[in-house]
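Undergrad: Below are the chains, spelled out letter by letter.
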Amino acid sequence: MIHWLSARRAVSLAGACLGITLLLVLLGLPLLALVLRVPSVSVLHGLRDPEVLQALRLSLISSVAATITVVLIGLPAAYLLATRTFPGKVILEAVVDLPLVLPPTVAGLALLLAFGRAGLTGRALSFIGLQVPFTTLAVVVAQTFMSLPLFVGAARAGFASVDTRYLDAAKTLRASETDRFWRVMLPLAAPSVLAGAAMAWARALGEFGATITFAGNLPGVTQTMPLAVYTALQTNLDSAIALALILMIVSLGLLVAIRSGRAASMPGRNHAARAAR
Amino acid sequence: MLRAQLGKTLGDFSLDVSLEISSGSTLVLVGESGSGKTTALRLLAGLLDPDSGRVAWNDDTWYDGAGAVAIPSWRRPIGYVAQDYSLFPHLTAFENVAFGLPSQHGSGGERRARVSMELERFGISSLADQKPHQLSGGQQQRVALARALILNPSVLLLDEPLTALDLTTRRATRMELRGILRTLTCATLFVTHSPMEAMVFGDRIAVLEKGRVIQAGSRDDLLRRPRSAFIAEFMGVNLFQGTIILRDGQGLARLGTATGELSVVDPGDLESEVFVSVSPREITLHRERPGGSAQNVFQGIVSEIIPEPPHGERVRVAINTRPPLVAEVTRAAVDALQLREGSEVYASFKATGLEPYR
Chain A
10 MIHWLSARRA VSLAGACLGI TLLLVLLGLP LLALVLRVPS VSVLHGLRDP EVLQALRLSL
70 ISSVAATITV VLIGLPAAYL LATRTFPGKV ILEAVVDLPL VLPPTVAGLA LLLAFGRAGL
130 TGRALSFIGL QVPFTTLAVV VAQTFMSLPL FVGAARAGFA SVDTRYLDAA KTLRASETDR
190 FWRVMLPLAA PSVLAGAAMA WARALGEFGA TITFAGNLPG VTQTMPLAVY TALQTNLDSA
250 IALALILMIV SLGLLVAIRS GRAASMPGRN HAARAAR
Chain B
17 MLRAQLGKTL GDFSLDVSLE ISSGSTLVLV GESGSGKTTA LRLLAGLLDP DSGRVAWNDD
77 TWYDGAGAVA IPSWRRPIGY VAQDYSLFPH LTAFENVAFG LPSQHGSGGE RRARVSMELE
137 RFGISSLADQ KPHQLSGGQQ QRVALARALI LNPSVLLLDE PLTALDLTTR RATRMELRGI
197 LRTLTCATLF VTHSPMEAMV FGDRIAVLEK GRVIQAGSRD DLLRRPRSAF IAEFMGVNLF
257 QGTIILRDGQ GLARLGTATG ELSVVDPGDL ESEVFVSVSP REITLHRERP GGSAQNVFQG
317 IVSEIIPEPP HGERVRVAIN TRPPLVAEVT RAAVDALQLR EGSEVYASFK ATGLEPYR
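Chains A and B, in that order, are what the protein sequence lines are. For reference, each letter of the first sequence is one residue, going 10 to 286 in this note's numbering. For reference, each letter of the second sequence is one residue, going 17 to 374 in this note's numbering.
Any given hint could be a false lead.
Said to hold, decoys possible - Cβ-to-Cβ under 10 Å is the rule here; a few derived chain B residues that face chain A:
no., residue
1, A61
2, L63
3, P88
4, W90
5, R92
6, P93
7, G95
8, V97
9, D100
10, F104
11, P118
12, A164
13, L167
14, T179
15, L183
In case anyone wonders, no lab produced these hints; they're calculated from the structure. Don't be surprised by glycine CBs; every beta carbon is placed ideally from N, CA and C.
Can you build the whole structure from these sequences, using the hints too?
TA: Listed below in structure tokens is the structure:
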């Protein structure tokens with residue numbers, strides 16, 4: 010019996026080790042390969058390349074703009090989804106989540122059909138002198154479209170996890186729903202909202218498929234970092250690697266920041282919950 | 017004056033109570049868990065909408081099922097202290113107390129002074145910058161009270177304000193809280209599961225059982241004429257509920273209860289739904305069937321013997337007679353009768369002095 014148990018334990022231990030090793034190989038090896046392939050000189054060299062700088066600048070501007078848009082659109086949506094039930098909610102949820110499962114090129118195509126010159130709103134948009142596809146605006150729209158569900162999901166979970174006791178207390182302290190949102194809901198959900206915003210930013214930074222379909226690949230206008238990597242890959246492998254490394258460092262840094270931010274906010278939360286109980 | 021008539025069904029539980037609380041007085045709603053106390057409180061606060069009924073403060077209607085009036089919580093002049101105090105974990109004690117003050121009203125300095133004064137009043141000025149998780153239960157309670165009372169509510173709703181405290185803090189806090197409540201001019205509803213707290217805090221007390229008020233009155237009413245097993249248990253008296261089934265014409269009558277009959281003073285009528293309470297000290301125990309003037313004699317088996325604090329010189333003896341009885345006798349008597357759990361025993365008490373009441 011004991012032998013059998015310990016044998017089973019050994020098997021599951023070995024399984025866990027194998028799993029973690031495979032995971033590290035699968036996720037870590039590409040990162041390592043990238044780092045190893047980079048002669049540090051060429052990274053610096055790449056940073057001086059005007060096209061790289063252009064792409065980097067465009068990526069930063071568009072992804073920040075997209076993140077701000079995502080927060081502005083996503084915050085009310087996340088709040089409504091977390092606090093209300095209404096007919097058709099399931100459908101709205103599915104629509105919000107759609108970009109998560111849609112191939113990015115399909116998303117780009119859909120955006121083109123919606124906002125393109127020959128699309129649904131093309132005529133109306135050109136009437137007010139606005140042309141969306143193949144502009145920087147299109148990059149922002151594509152990134153917003155693709156990263157919105159990440160933010161809404163995180164913020165919604167944050168709002169839903171706010172203990173109703175605090176909202177009840179606020180209600181009895183003359184706080185209107187607007188007051189309750191700003192003074193109770195948002196501060197208590199802040200860690201999740203910030204994490205959602207950071208994830209949305211990371212997603213926007215890495216967006217490729219929808220951008221290239223909807224916005225094209227015009228250096229200085231719509232060529233963001235991922236697009237620049239793809240383009241460089243076909244002509245100059247060294248710049249591609251340099252660009253890829255920069256992108257990876259930024260993304261990894263963002264993820265680490267999210268994780269540590271969340272970890273820092275957790276102890277306080279648990280503490281408060283314990284004291285309240 | 018707060019007047020409320022509340023009807024609410026939640027699953028297979030239904031609440032149907034009427035309450036009246038005048039300004040400057042405290043009504044205690046006492047009942048066991050699940051009796052609907054907190055539900056009643058939440059209905060008054062507007063945190064829950066009744067199915068039917070009416071809630072009005074003086075001439076202001078807060079809720080009217082028929083007239084479709086439902087003033088939201090945040091527009092009602094109430095103060096609410098939840099059982100766990102629900103202090104905002106992201107705000108300091110100061111910010112918690114300041115929370116309900118309108119921000120546009122008065123200058124920042126005025127607002128700060130107002131909060132400082134309230135903190136002072138509750139003796140928690142030194143805690144102003146602490147976050148709730150740094151405060152003890154008693155401190156949290158004071159912050160929660162200050163946070164509610166700074167708004168000068170017309171109606172103060174307290175949900176088990178002492179239950180979250182540990183036993184040693186509870187006694188000190190109880191006295192303190194009583195002192196504070198005495199100075200208030202608002203109508204206070206105090207919800208508790210503890211009959212003792214009900215006696216301490218209640219100008220009037222309403223006993224809630226399964227969503228209905230089964231007795232309401234002053235402390236003395238409750239003590240003199242308990243009508244619930246809950247209060248009787250707390251007081252330690254034997255309570256019988258039944259119907260007068262026979263009058264002997266000589267001043268005595270038979271009371272029929274669900275578990276047996278006993279002789280009582282004739283109330284003058286054949287009546288249903290009367291109560292009789294018998295003090296355990298009036299019950300005597302015997303090994304042999306007693307003769308003499310005691311009109312109520314029951315035979316049974318001792319089911320439990322519990323020494324009474326502080327020294328155990330008196331002992332409560334539970335006997336499974338029909339109806340079941342609890343007698344309180346001296347330890348010496350128990351020893352003399354050689355009583356132990358399982359002993360066969362006779363319990364007797366006089367019918368004279370047992371006045372039935374409605």
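Undergrad: Interface hint check: P118 (chain B), Cβ to nearest Cβ on chain A, cutoff 10 Å. Holds or violated?
TA: holds, 7 Å
Undergrad: Go through the hint on A164 (chain B) and say holds or violated, using the shortest Cβ distance to chain A against 10 Å.
TA: Because about 7 Å separates A164 (chain B) from the closest Cβ in chain A, which is inside the 10 Å limit, the hint holds.
Undergrad: Identify whether the interface hint at D100 (chain B) stands, where standing means a beta carbon of chain A within less than 10 Å of its own.
TA: holds, 5 Å
Undergrad: Against chain A, is R92 (chain B) within 10 Å by beta-carbon distance?
TA: holds, 8 Å
Undergrad: Go through the hint on T179 (chain B) and say holds or violated, using the shortest Cβ distance to chain A against 10 Å.
TA: With Cβ-Cβ at 12 Å, over 10 Å, it is violated.
Undergrad: Does G95 (chain B) hold up as a contact with chain A if the rule is Cβ-Cβ below 10 Å?
TA: Hint on G95 (chain B): holds, closest Cβ of chain A at ~7 Å, below 10 Å.
Undergrad: Holds or violated: the hint that A61 (chain B) contacts chain A, with Cβ atoms closer than 10 Å.
TA: holds, 6 Å
Undergrad: V97 (chain B) was flagged as interface toward chain A. Is the shortest Cβ-Cβ separation under 10 Å?
TA: Because about 9 Å separates V97 (chain B) from the closest Cβ in chain A, which is inside the 10 Å limit, the hint holds.
Undergrad: Using the nearest Cβ pair, does F104 (chain B) come within less than 10 Å of chain A?
TA: holds, 6 Å
Undergrad: Regarding the hint that P93 (chain B) lies at the interface with chain A, is the smallest CB-CB distance below 10 Å?
TA: holds, 9 Å
Undergrad: Are L63 (chain B) and chain A close enough, Cβ to Cβ, to be under 10 Å, as the hint says?
TA: Cβ of L63 (chain B) sits 5 Å from chain A, so the hint holds.
Undergrad: Does the CB of L183 (chain B) sit less than 10 Å away from some CB of chain A?
TA: It is violated, given that the least Cβ distance between L183 (chain B) and chain A is near 17 Å, above 10 Å.
In terms of the numbered hints stated before, the structure departs from hints 14 and 15, listed from lowest to highest.
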